[in-house]
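There are 2 protein chains.
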Amino acid sequence: MNLLGTSIIGFSRSQSTTPCGHAVNPATGEALAPQILAASASEVETAVQLAAGAFAAYSSLTGKQRGGFLRAIATRIEAIAEDIAARGPLETGLPEARLRGETGRTTGQLRLFASLIEEGSWVDARIERAQPDRPPVPKPDLRSMHVPLGPVAVFCASNFPLAFSVAGGDTASALAAGCPVVVVAHHSHPGLAEMVGNAIVEAARETGMPEGVFSLLFGGGRSVGQAVVKHPAIQAVGFTGSRAGGTALMASAAARPQPIPVYAEMSSINPLVILPGALAKGEEALAEAFYASLTMGVGQFCTNPGLVFLTEGSGDAFLAKLQSLVESGAPGTMLNAGICKAYQEAAAAIGSIAGVETLARSANACGHGQSAPVAFLVSARDFVSNHALQAEMFGPATLIVRGSIGEITAAIAALEGQLTATLHATQEELAANPALVTALRNRCGRLLFGGFPTGVEVCSSMVHGGPFPSTSDGRSTSVGTMAIHRFTRPAAWQNFPDAALPAELQDANPLGIKRTE
Amino acid sequence: MNLLGTSIIGFSRSQSTTPCGHAVNPATGEALAPQILAASASEVETAVQLAAGAFAAYSSLTGKQRGGFLRAIATRIEAIAEDIAARGPLETGLPEARLRGETGRTTGQLRLFASLIEEGSWVDARIERAQPDRPPVPKPDLRSMHVPLGPVAVFCASNFPLAFSVAGGDTASALAAGCPVVVVAHHSHPGLAEMVGNAIVEAARETGMPEGVFSLLFGGGRSVGQAVVKHPAIQAVGFTGSRAGGTALMASAAARPQPIPVYAEMSSINPLVILPGALAKGEEALAEAFYASLTMGVGQFCTNPGLVFLTEGSGDAFLAKLQSLVESGAPGTMLNAGICKAYQEAAAAIGSIAGVETLARSANACGHGQSAPVAFLVSARDFVSNHALQAEMFGPATLIVRGSIGEITAAIAALEGQLTATLHATQEELAANPALVTALRNRCGRLLFGGFPTGVEVCSSMVHGGPFPSTSDGRSTSVGTMAIHRFTRPAAWQNFPDAALPAELQDANPLGIKRTE
Numbered sequence: 001m002n003l004l005g006t007s008i009i010g011f012s013r014s015q016s017t018t019p020c021g022h023a024v025n026p027a028t029g030e031a032l033a034p035q036i037l038a039a040s041a042s043e044v045e046t047a048v049q050l051a052a053g054a055f056a057a058y059s060s061l062t063g064k065q066r067g068g069f070l071r072a073i074a075t076r077i078e079a080i081a082e083d084i085a086a087r088g089p090l091e092t093g094l095p096e097a098r099l100r101g102e103t104g105r106t107t108g109q110l111r112l113f114a115s116l117i118e119e120g121s122w123v124d125a126r127i128e129r130a131q132p133d134r135p136p137v138p139k140p141d142l143r144s145m146h147v148p149l150g151p152v153a154v155f156c157a158s159n160f161p162l163a164f165s166v167a168g169g170d171t172a173s174a175l176a177a178g179c180p181v182v183v184v185a186h187h188s189h190p191g192l193a194e195m196v197g198n199a200i201v202e203a204a205r206e207t208g209m210p211e212g213v214f215s216l217l218f219g220g221g222r223s224v225g226q227a228v229v230k231h232p233a234i235q236a237v238g239f240t241g242s243r244a245g246g247t248a249l250m251a252s253a254a255a256r257p258q259p260i261p262v263y264a265e266m267s268s269i270n271p272l273v274i275l276p277g278a279l280a281k282g283e284e285a286l287a288e289a290f291y292a293s294l295t296m297g298v299g300q301f302c303t304n305p306g307l308v309f310l311t312e313g314s315g316d317a318f319l320a321k322l323q324s325l326v327e328s329g330a331p332g333t334m335l336n337a338g339i340c341k342a343y344q345e346a347a348a349a350i351g352s353i354a355g356v357e358t359l360a361r362s363a364n365a366c367g368h369g370q371s372a373p374v375a376f377l378v379s380a381r382d383f384v385s386n387h388a389l390q391a392e393m394f395g396p397a398t399l400i401v402r403g404s405i406g407e408i409t410a411a412i413a414a415l416e417g418q419l420t421a422t423l424h425a426t427q428e429e430l431a432a433n434p435a436l437v438t439a440l441r442n443r444c445g446r447l448l449f450g451g452f453p454t455g456v457e458v459c460s461s462m463v464h465g466g467p468f469p470s471t472s473d474g475r476s477t478s479v480g481t482m483a484i485h486r487f488t489r490p491a492a493w494q495n496f497p498d499a500a501l502p503a504e505l506q507d508a509n510p511l512g513i514k515r516t517e
Numbered sequence: 001m002n003l004l005g006t007s008i009i010g011f012s013r014s015q016s017t018t019p020c021g022h023a024v025n026p027a028t029g030e031a032l033a034p035q036i037l038a039a040s041a042s043e044v045e046t047a048v049q050l051a052a053g054a055f056a057a058y059s060s061l062t063g064k065q066r067g068g069f070l071r072a073i074a075t076r077i078e079a080i081a082e083d084i085a086a087r088g089p090l091e092t093g094l095p096e097a098r099l100r101g102e103t104g105r106t107t108g109q110l111r112l113f114a115s116l117i118e119e120g121s122w123v124d125a126r127i128e129r130a131q132p133d134r135p136p137v138p139k140p141d142l143r144s145m146h147v148p149l150g151p152v153a154v155f156c157a158s159n160f161p162l163a164f165s166v167a168g169g170d171t172a173s174a175l176a177a178g179c180p181v182v183v184v185a186h187h188s189h190p191g192l193a194e195m196v197g198n199a200i201v202e203a204a205r206e207t208g209m210p211e212g213v214f215s216l217l218f219g220g221g222r223s224v225g226q227a228v229v230k231h232p233a234i235q236a237v238g239f240t241g242s243r244a245g246g247t248a249l250m251a252s253a254a255a256r257p258q259p260i261p262v263y264a265e266m267s268s269i270n271p272l273v274i275l276p277g278a279l280a281k282g283e284e285a286l287a288e289a290f291y292a293s294l295t296m297g298v299g300q301f302c303t304n305p306g307l308v309f310l311t312e313g314s315g316d317a318f319l320a321k322l323q324s325l326v327e328s329g330a331p332g333t334m335l336n337a338g339i340c341k342a343y344q345e346a347a348a349a350i351g352s353i354a355g356v357e358t359l360a361r362s363a364n365a366c367g368h369g370q371s372a373p374v375a376f377l378v379s380a381r382d383f384v385s386n387h388a389l390q391a392e393m394f395g396p397a398t399l400i401v402r403g404s405i406g407e408i409t410a411a412i413a414a415l416e417g418q419l420t421a422t423l424h425a426t427q428e429e430l431a432a433n434p435a436l437v438t439a440l441r442n443r444c445g446r447l448l449f450g451g452f453p454t455g456v457e458v459c460s461s462m463v464h465g466g467p468f469p470s471t472s473d474g475r476s477t478s479v480g481t482m483a484i485h486r487f488t489r490p491a492a493w494q495n496f497p498d499a500a501l502p503a504e505l506q507d508a509n510p511l512g513i514k515r516t517e
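In order, the protein sequence lines correspond to chains A and B.
According to our numbering, the first sequence is numbered sequentially starting from 1.
According to our numbering, the second sequence is numbered sequentially starting from 1.
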């Protein structure tokens with residue numbers, strides 16, 4: 001596929017000639033063609049204005065029409081799966097199989113949202129009919145449903161170049177809801193961004209969508225992203241990335257004359273609590289499964305298990321096995337040089353804190369752009385006394401904390417918000433430790449019994465969101481069909497003539513959706 | 001009822017001896033006993049800590065248990081209806097009948113939320129069962145439902161001393177969701193606050209609720225309120241009041257180490273568009289009905305119709321009738337001296353803007369604390385050219401704007417967010433003006449066809465919330481059962497043993513609720 005390195009402004013390509021870098025192969029440090037060109041300020045303005053202009057037409061399409069658009073995007077992405085599989089590993093250091101798998105997840109996600117809106121009940125239609133004779137005053141006819149917020153800004157993630165990027169979860173849910181999307185590309189994988197952006201534009205043209213329903217912007221630093229977030233026509237923001245990046249967007253959004261919601265998924269260390277009964281089922285096998293979760297994708301998952309609690313005196317064989325796995329652990333190429341450096345600095349910072357021991361460190365030499373696993377050990381007492389031990393090490397690093405059940409429960413209660421928390425225990429231990437379970441429940445979006453948090457199912461009951469700072473706003477999820485409500489608000493119609501109501505609210509229920517009435 | 005003027009800290013009374021004012025009869029300027037005493041910093045801390053301590057126990061009660069608490073509150077409030085009817089008019093200038101009506105609305109609201117949680121389906125339970133054999137990876141068992149956020153701060157409103165105050169909508173929905181509540185009283189009606197606070201504490205004791213499920217704080221200025229909002233244990237804020245007050249709370253909440261959601265209902269001028277076909281049905285009668293809505297409660301409603309659009313050349317008889325009604329309009333006592341002054345200043349400011357004519361002003365003299373109706377007139381061209389004309393005049397004032405349909409549509413599209421928008425038209429005019437209807441729909445939470453926005457039905461389909469600045473966050477409502485989701489977040493359980501799941505998610509569905517599975 002011939003890549004131009006230019007932004008997509010509605011149905012046109014940017015005319016910019018301002019270079020803002022290029023993709024870099026993280027395994028070699030080599031620059032990858034083409035040169036990327038930054039969208040100009042006027043092109044950013046045009047993209048947002050086109051989105052604003054498209055809102056009325058796009059939001060008034062039926063669910064079936066918007067669903068057809070999402071399905072066409074999925075088909076177009078499948079048609080370029082070979083290009084993605086060829087380019088992706090060069091830009092991200094991820095293996096080809098991962099790119100193929102993520103392509104499938106992305107198209108599956110688009111079709112899941114298509115099904116949701118084609119069926120239509122997601123709008124939560126509520127109908128209360130008039131009671132003209134009700135004392136002391138008549139009851140009006142009142143009907144409500146969810147409506148789209150308006151144009152949405154979506155920021156691509158470094159670690160999911162497809163499933164959380166140009167046509168990823170936020171884009172799919174915003175387009176499903178009826179919101180035009182302006183995507184800000186990630187500098188790490190501009191080639192994939194352009195490929196997928198082209199697929200969306202082709203699908204938009206093919207299915208007769210209004211120009212402006214989608215744009216894709218390239219830019220250096222944060223200027224393009226900040227310009228989009230501050231634009232008065234933008235009504236919500238989706239972001240997956242660092243805590244610094246997410247909180248900067250939150251501050252910008254809150255400082256607007258009209259503050260807008262920001263859904264930033266930022267930082268999570270995903271505690272695991274392993275109780276003795278779970279260890280008794282086989283400490284070495286558990287260590288192997290844990291190590292596989294820790295090092296999957298070189299640890300570059302938001303659900304990576306970066307914190308493990310063991311009760312005092314338990315788990316020696318688990319730790320011994322983990323130690324040998326980490327010491328012989330293979331280095332892996334990280335997504336980009338910045339992430340590689342940040343990981344090594346974060347791990348060094350944790351390792352230098354008083355009371356922290358290095359349990360194990362890979363003995364293998366790291367090649368260009370590579371990092372290797374490391375595991376640290378600390379007492380629960382020291383853990384709770386130093387907030388810095390909660391810092392995320394984005395990569396294959398974990399911190400093991402040992403203490404009494406009481407200390408572990410207190411440490412969990414003092415944790416920052418997390419995407420996930422996992423309890424390994426017998427059913428008897430589960431029943432015997434309600435305070436621990438409550439503490440875990442209160443600190444996370446998804447609570448697992450056994451297993452590992454990596455691997456996030458895309459379905460209607462998934463909650464991939466948790467209290468701050470795992471996300472900016474724990475009231476929503478970035479994965480699964482509930483994510484559509486990031487980009488909607490409830491709206492009511494009072495005493496409206498039936499024919500002027502949206503089909504979802506009309507007396508005859510022409511769409512045949514589930515309603516509360 | 002013997003009033004002490006002291007805060008309620010859990011099940012105890014404040015020991016403070018620091019005066020912070022007293023209620024004032026707005027009709028006379030007289031001070032009303034008792035002296036009000038400000039909660040000390042350590043009492044504020046205790047109240048929030050008690051709320052945090054009560055969260056685990058309170059949130060794990062069944063819906064039926066929490067429903068019993070809400071019903072007991074309603075019963076206790078009914079038992080003091082005579083006290084409320086006697087004290088209320090002295091503190092607020094509102095007539096006794098209004099206090100009685102609002103008492104009924106408040107108890108009805110508590111029972112509506114009780115019914116909602118006793119039934120239980122509101123949690124939106126979603127169940128996806130495991131598929132151990134699914135390729136390429138097994139599907140886990142995933143179940144989700146809404147859980148409460150944690151302790152909530154609720155600020156009382158000046159203009160609804162019962163229905164949006166101590167036991168008002170935010171308190172009812174937070175308690176229903178499973179969140180302890182710390183209420184910050186409004187300085188305007190401390191006696192009513194104490195009465196209702198006592199009723200809640202008695203109901204909490206009677207139904208065995210944990211201490212800390214409710215506290216009520218008095219304080220001067222904004223210090224107590226800000227201390228509560230900044231407290232790390234508080235997880236959400238409900239507020240009804242001025243734009244300055246609401247945006248100050250938004251800024252404080254956003255600046256916390258852990259930002260929290262603020263639901264502030266602030267400012268709305270509630271546009272009405274009256275098209276010629278609606279005028280043809282009787283201009284004078286329409287003017288009378290409009291005037292009744294404008295002056296109800298001395299215009300002190302968030303849904304007061306402060307902006308009316310007429311098409312050029314139409315509505316002369318409507319305006320003539322409105323003019324005569326306003327000129328002979330009776331002054332009314334406003335809620336407090338601050339609101340009275342702010343109203344007069346806001347009306348004077350609008351009246352002094354270039355292009356604005358005074359259509360009519362009441363010829364009657366205002367007594368102590370009173371204000372009278374006023375109506376202004378401006379062209380659509382001048383209206384869109386000056387943003388200051390969108391300022392709320394909180395009281396019985398309105399601004400009439402005349403222009404072409406195109407100008408009106410453009411003016412609506414340029415409006416700040418509104419709680420409501422109302423279209424008076426024939427069905428033919430409704431069908432002939434889709435751009436106008438879309439513009440109205442995009443700018444408000446509740447869209448009315450005919451009628452007037454004052455009078456907000458408490459029901460499952462009500463949306464009393466709209467785009468900023470009508471509220472801080474148009475994704476929610478402060479009235480009706482959907483308000484419970486202000487204080488919840490979705491949470492998922494993965495591969496949990498059935499017995500350890502909340503009843504709502506257990507296989508046998510022991511609560512018999514509606515679920516998605």
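Hints were generated in silico from the structure; no laboratory data involved.
Please note: incorrect hints may appear among the correct ones.
Copies of one chain are not kept apart here, so a pair can be met inside one copy or by any two copies together.
Stated by the list, open to error - Computed cross-link-like contacts, DMTMM-like style, restricted to lysine to aspartate or glutamate with a CA-CA straight-line distance of at most 20 Å: (1) K341 x D507; (2) K230 x E128; (3) K139 x E457; (4) K321 x D382; (5) K139 x D498; (6) K230 x E416; (7) K230 x D316; (8) K514 x E82; (9) K139 x E416; (10) K321 x D83; (11) K514 x D83; (12) K341 x E211; (13) K321 x D498; (14) K64 x D124; (15) K64 x E429; (16) K281 x E312; (17) K281 x E345; (18) K321 x E357; (19) K281 x E202; (20) K139 x E128; (21) K341 x E312; (22) K514 x E206; (23) K321 x E416; (24) K514 x E30.
This one's a predicted model, so the numbers in the text were calculated from it and none came from an experiment.
Check: Which earlier hints can't be squared with this structure?
Finding: The structure conflicts with hints 1, 2, 4, 7, 8, 9, 10, 11, 12, 13, 15, 17, 19, 21, 22, 23 and 24, although it agrees with all the remaining ones.
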